[in-house]
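**Q** Sequence:
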Amino acid sequence: MRFVRADDPLGMAAVLRRGWRPDPATVARVAAIVADVEARGDRAILEYSQRFDAPEYRLTQLRVPIPMPSVARGSLREDVAAAIERARDRVVDFHRRQRSEDVAYRCDDGTEYAFRREPLGAVAVYAPGGSAALPSSVLMGALPAKIAGVRRTILLTPPQRDGRVHPAVLFAASLCDVEELYAVGGAQAIAAAAFGTESIAAVDKVVGPGNSYVTEAKRQLFGIVGIDGLAGPSEVLVAADAAASSELVVAELLAQAEHDAEARVAVVSDSYELLESCAQLLQALDVARMPRGATIAAALERGGFFIEARSKGEIAATIAAFAPEHLSLQVTDPEFYLSHLRCVGAVFVGAETPVACGDYLAGTNHVLPTSGSARFASGLSLSDFTRSYSVVRNSSERMKGDAAAIAAFAAFEGLDAHAQSARLRMKP
Numbered sequence: 001m002r003f004v005r006a007d008d009p010l011g012m013a014a015v016l017r018r019g020w021r022p023d024p025a026t027v028a029r030v031a032a033i034v035a036d037v038e039a040r041g042d043r044a045i046l047e048y049s050q051r052f053d054a055p056e057y058r059l060t061q062l063r064v065p066i067p068m069p070s071v072a073r074g075s076l077r078e079d080v081a082a083a084i085e086r087a088r089d090r091v092v093d094f095h096r097r098q099r100s101e102d103v104a105y106r107c108d109d110g111t112e113y114a115f116r117r118e119p120l121g122a123v124a125v126y127a128p129g130g131s132a133a134l135p136s137s138v139l140m141g142a143l144p145a146k147i148a149g150v151r152r153t154i155l156l157t158p159p160q161r162d163g164r165v166h167p168a169v170l171f172a173a174s175l176c177d178v179e180e181l182y183a184v185g186g187a188q189a190i191a192a193a194a195f196g197t198e199s200i201a202a203v204d205k206v207v208g209p210g211n212s213y214v215t216e217a218k219r220q221l222f223g224i225v226g227i228d229g230l231a232g233p234s235e236v237l238v239a240a241d242a243a244a245s246s247e248l249v250v251a252e253l254l255a256q257a258e259h260d261a262e263a264r265v266a267v268v269s270d271s272y273e274l275l276e277s278c279a280q281l282l283q284a285l286d287v288a289r290m291p292r293g294a295t296i297a298a299a300l301e302r303g304g305f306f307i308e309a310r311s312k313g314e315i316a317a318t319i320a321a322f323a324p325e326h327l328s329l330q331v332t333d334p335e336f337y338l339s340h341l342r343c344v345g346a347v348f349v350g351a352e353t354p355v356a357c358g359d360y361l362a363g364t365n366h367v368l369p370t371s372g373s374a375r376f377a378s379g380l381s382l383s384d385f386t387r388s389y390s391v392v393r394n395s396s397e398r399m400k401g402d403a404a405a406i407a408a409f410a411a412f413e414g415l416d417a418h419a420q421s422a423r424l425r426m427k428p
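In our numbering, the protein residues as written are 1 to 428.
Hints listed in this document are in silico derivations from the structure and should not be mistaken for laboratory results. Remember, predicted model here, so these are calculated numbers, not experimental data. All C-beta atoms, glycine included, are put in the ideal place defined by N, C-alpha and C. Be aware that one or more of the hints could be misleading.
Claimed, not checked - Capping the alpha-carbon separation at 20 angstroms, the derived lysine to aspartate or glutamate pairs in DMTMM-like fashion look like this: (1) 146 x 180; (2) 312 x 276; (3) 312 x 7; (4) 400 x 416; (5) 427 x 416; (6) 146 x 85; (7) 312 x 286; (8) 146 x 108; (9) 146 x 177; (10) 400 x 352; (11) 427 x 352; (12) 312 x 260; (13) 400 x 108.
Unchecked claim - Label pairs and their calculated CB-CB ranges: (14) 391 x 281: 17 to 23 angstroms; (15) 420 x 391: 45 to 51 angstroms; (16) 417 x 60: 37 to 43 angstroms; (17) 288 x 67: 40 to 46 angstroms; (18) 103 x 404: 39 to 45 angstroms; (19) 408 x 115: 25 to 31 angstroms; (20) 290 x 351: 21 to 27 angstroms; (21) 2 x 161: 20 to 26 angstroms; (22) 311 x 401: 54 to 60 angstroms.
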């Protein structure tokens, strides 16, 4: 990890220089897969699934029956099943509270306005799977969709080598009450959801994280199908002061670094002693012996930073510039930073709130904007599964009073038919 100063433009440029950019080879490969799935449907899915996931895969394994929760639960260790159930309850509780009412009002002249929200018709939730099952991603995508009232929620997840879906993913799907489950992953899954195939009906939107092929497929297919965003490498920014525990700070860095060799992990502090203590602790660790040691070491080397700030204000400015996916506030005055936050995916306040609680059991959503996109994007929420529209019903009094102004505005912009449509309302 490198030391930089928050007031050093060149040093901070290195910290902030990130962003999801596909390499040309990936773009070309994904474009070919997308075109093939559009043209050949299930046959293309079969061939790509055999090539990338399960050599003996058969189309009969594509649509997966969803068992009852009590049946699916029996395939898991008790502690894992209980953890998934607890996470389900927390996600439901948090996202139910995001429901909002429609807006409707009537003006004094009798004109009526409304702003209405409707759930999407069909959504595909992508959950990474295969050798590393991620039931948490099932919960984070499917439960908000169901709470929002989406009429058809399907789950797409890569099969294991034997062509089957991991039992933990099956259990999570059963708890979420999804309508359909398909054992298909990668770019071919996103293309199938966008275009539809003989077995999979097209959807309105695709949500959920995935690898570079999944992300590139979402990018290429946006417009044909809605997407939640383009997920880049994981990232965390820890804001810590002199009172913070270097052990807990380092734990947050390691937790994100094990996700991806391209992960961005950083600490910003106005205490050089704290930063130095963290650096020494990391140096003393035998990272190579950790289960994902090679990935962690690469992430710390490529995208790890200790940022020295001179004040709380400079820390707040660094947070705003970084726009982190995850922000860990290990400070004595978190309210100061919370009052200054503008661009962040999710915030974890205090030593008792590790980022991992948001990944699993807090109930907040872990599908978050990365690569600085928190400047303009938000984490997955109920609003991602609804669309809104406005309604206006003019009174005669309102229209007669506005007609001349509408006609003048339209004529100024060179739209004479618009102007005439307003003038017609001026007639007695």
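**Q** So, for every hint listed, does it hold in this structure?
**A** Comparing the hints with the structure gives:
1. 146 x 180: holds (13 angstroms)
2. 312 x 276: At roughly 18 angstroms apart (the allowed maximum being 20 angstroms), residue 276 and residue 312 satisfy the hint.
3. 312 x 7: Given that 20 angstroms is the threshold and the Cα spacing comes to 13 angstroms, the pair holds.
4. 400 x 416: holds (18 angstroms)
5. 427 x 416: The hint holds at about 17 angstroms.
6. 146 x 85: holds (16 angstroms)
7. 312 x 286: violated (33 angstroms)
8. 146 x 108: Roughly 39 angstroms separates the two Cα atoms, so the pair is violated.
9. 146 x 177: Distance ~8 angstroms between residue 146 and residue 177 Cα, so the pair holds.
10. 400 x 352: Violated - the C-alpha atoms of residue 352 and residue 400 are around 62 angstroms apart, more than 20 angstroms.
11. 427 x 352: Not satisfied, since the Cα-Cα distance of roughly 69 angstroms exceeds 20 angstroms.
12. 312 x 260: Given pair residue 312, residue 260 is violated - Cα atoms ~30 angstroms apart, limit 20 angstroms.
13. 400 x 108: holds (15 angstroms)
14. 391 x 281: 17 to 23 angstroms: The hint (17 to 23 angstroms, Cβ to Cβ) is violated, given that residue 391 and residue 281 are roughly 59 angstroms apart.
15. 420 x 391: 45 to 51 angstroms: violated (24 angstroms)
16. 417 x 60: 37 to 43 angstroms: violated (57 angstroms)
17. 288 x 67: 40 to 46 angstroms: holds (41 angstroms)
18. 103 x 404: 39 to 45 angstroms: violated (29 angstroms)
19. 408 x 115: 25 to 31 angstroms: holds (27 angstroms)
20. 290 x 351: 21 to 27 angstroms: holds (22 angstroms)
21. 2 x 161: 20 to 26 angstroms: Once the Cβ atoms are compared, 40 angstroms apart, the range 20 to 26 angstroms for residue 161 and residue 2 is violated.
22. 311 x 401: 54 to 60 angstroms: At roughly 55 angstroms between Cβ atoms, residue 401 and residue 311 fall inside 54 to 60 angstroms, so the hint holds.
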